[in-house]
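Given these sequences and hints, build the entire structure.
In order, the protein sequence lines correspond to chains A and B. The numbering used here numbers the first residue of the first sequence as -2 and each following residue consecutively. The numbering used here numbers the first residue of the second sequence as -2 and each following residue consecutively.
It is worth saying that the hints were derived from the structure and are not from the lab. Watch out, some of these pointers could steer you wrong.
Straight-line alpha carbon distances no greater than 30 angstroms define the calculated DSS-like cross-link-like pairs of lysine-lysine that follow [said to hold, decoys possible]:
id: 1; chain 1: A; residue 1: Lys11; chain 2: B; residue 2: Lys11
id: 2; chain 1: A; residue 1: Lys11; chain 2: B; residue 2: Lys23
id: 3; chain 1: B; residue 1: Lys35; chain 2: B; residue 2: Lys84
id: 4; chain 1: B; residue 1: Lys35; chain 2: B; residue 2: Lys23
id: 5; chain 1: A; residue 1: Lys11; chain 2: A; residue 2: Lys23
id: 6; chain 1: A; residue 1: Lys23; chain 2: B; residue 2: Lys35
id: 7; chain 1: B; residue 1: Lys23; chain 2: A; residue 2: Lys23
id: 8; chain 1: A; residue 1: Lys23; chain 2: A; residue 2: Lys35
id: 9; chain 1: B; residue 1: Lys23; chain 2: B; residue 2: Lys11
id: 10; chain 1: B; residue 1: Lys23; chain 2: B; residue 2: Lys84
id: 11; chain 1: A; residue 1: Lys23; chain 2: A; residue 2: Lys84
id: 12; chain 1: A; residue 1: Lys84; chain 2: A; residue 2: Lys35
Output of the computed footprint for chain A on chain B, the stretches with three or more beta carbons under 8 angstroms from beta carbons of chain A [stated by the list, open to error]:
id: 13; region: 18 to 31
id: 14; region: 68 to 77
id: 15; region: 84 to 97
id: 16; region: 100 to 111
id: 17; region: 148 to 159
Where a beta carbon is used, it is the ideal one built from N, C-alpha and C, also for glycine.
2 protein chains.
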Amino acid sequence: MSTTISIERPILTKDELLVAWQGHRKLTRRVIEIFPEKDLFNFSIGGMRPFAELCREIIAVAAGSMQQIVTGNIRPLEECMPEVQEKADILESWDQTTDIINTSWSQIQPERFREEISLFGAYNMSVIGIIQYAIDNEIHHRGQGYVYLRALGIEPPFFWERF
Amino acid sequence: MSTTISIERPILTKDELLVAWQGHRKLTRRVIEIFPEKDLFNFSIGGMRPFAELCREIIAVAAGSMQQIVTGNIRPLEECMPEVQEKADILESWDQTTDIINTSWSQIQPERFREEISLFGAYNMSVIGIIQYAIDNEIHHRGQGYVYLRALGIEPPFFWERF
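And the structure:
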């Protein structure tokens, strides 16, 4: 008697998803670096938030969600937003978030990716859904940062600079 | 004698990736619909392309890459761009692309996702890398469309409207 087990080869592994995310974060870091200090905090179009505020949200979503997934401690999104006064503060918080993601990643077992949690005590989402949201939201806001830079006459980095 | 096989549960299945992509495409379609006809083709910020041109690229990347992956026929990106004169043309091409993606998806076996191809005869990428690029590039340009809408005094749809 023989048994056939059908296994779908993963189209994307956990490690590959981390590389994709951190690649996007390297590009966003370049966008932060290229912004003139004052425009980072003051420039906006159509009543939108300045890029520094978008970065605070990106950092809060990334670091806050990873910490909640690993520890189970729920904090509201607003409390996860870093206090920043200047570009150097954003970059420092950005790099701390890089470490938080990498450290958390090894503690999240693959079988947890379908687990639902109440993110920030407000949004019921699966772990994979949260990670997809964090990445997609960063790409979305970074794209807006590209328009701000173009409006300021500054050429943004190439979209494929993920290294 | 017993054999232990260790299988990492997929963090994301092929079907789930399709749902995520088409969800993003539904949101982008809403953004196209909400654009005033003339601004879709003429409005821009900082020398960037109007949103209609960004949509032509998004359509070409999605439809062109799916068709190449399935048929093996290589066409340059430029040849995959739809001819569009008005918003209705973009929406029609958008919906045709929805069908092309769905039809192609069932023809791409999971084991092909790591296969490398020369996309548009110009870019050596894996199938999963191409799909990630298509989704990420759409989110990036749609985020730019959000800024155009805000600059025009128009409220864009919520980022989570993927249904």
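Hints, verified against the model:
no., hint, result
1, Lys11(A) to Lys11(B), "holds (14 angstroms)"
2, Lys11(A) to Lys23(B), "holds (27 angstroms)"
3, Lys35(B) to Lys84(B), "holds (9 angstroms)"
4, Lys35(B) to Lys23(B), "holds (22 angstroms)"
5, Lys11(A) to Lys23(A), "holds (19 angstroms)"
6, Lys23(A) to Lys35(B), "violated (36 angstroms)"
7, Lys23(B) to Lys23(A), "holds (28 angstroms)"
8, Lys23(A) to Lys35(A), "holds (22 angstroms)"
9, Lys23(B) to Lys11(B), "holds (19 angstroms)"
10, Lys23(B) to Lys84(B), "holds (16 angstroms)"
11, Lys23(A) to Lys84(A), "holds (16 angstroms)"
12, Lys84(A) to Lys35(A), "holds (9 angstroms)"
13, 18 to 31, "violated (count 1)"
14, 68 to 77, "violated (count 0)"
15, 84 to 97, "violated (count 0)"
16, 100 to 111, "holds (count 3)"
17, 148 to 159, "holds (count 4)"
Against the hints set out earlier in the document, violations occur for numbers 6, 13, 14, 15.
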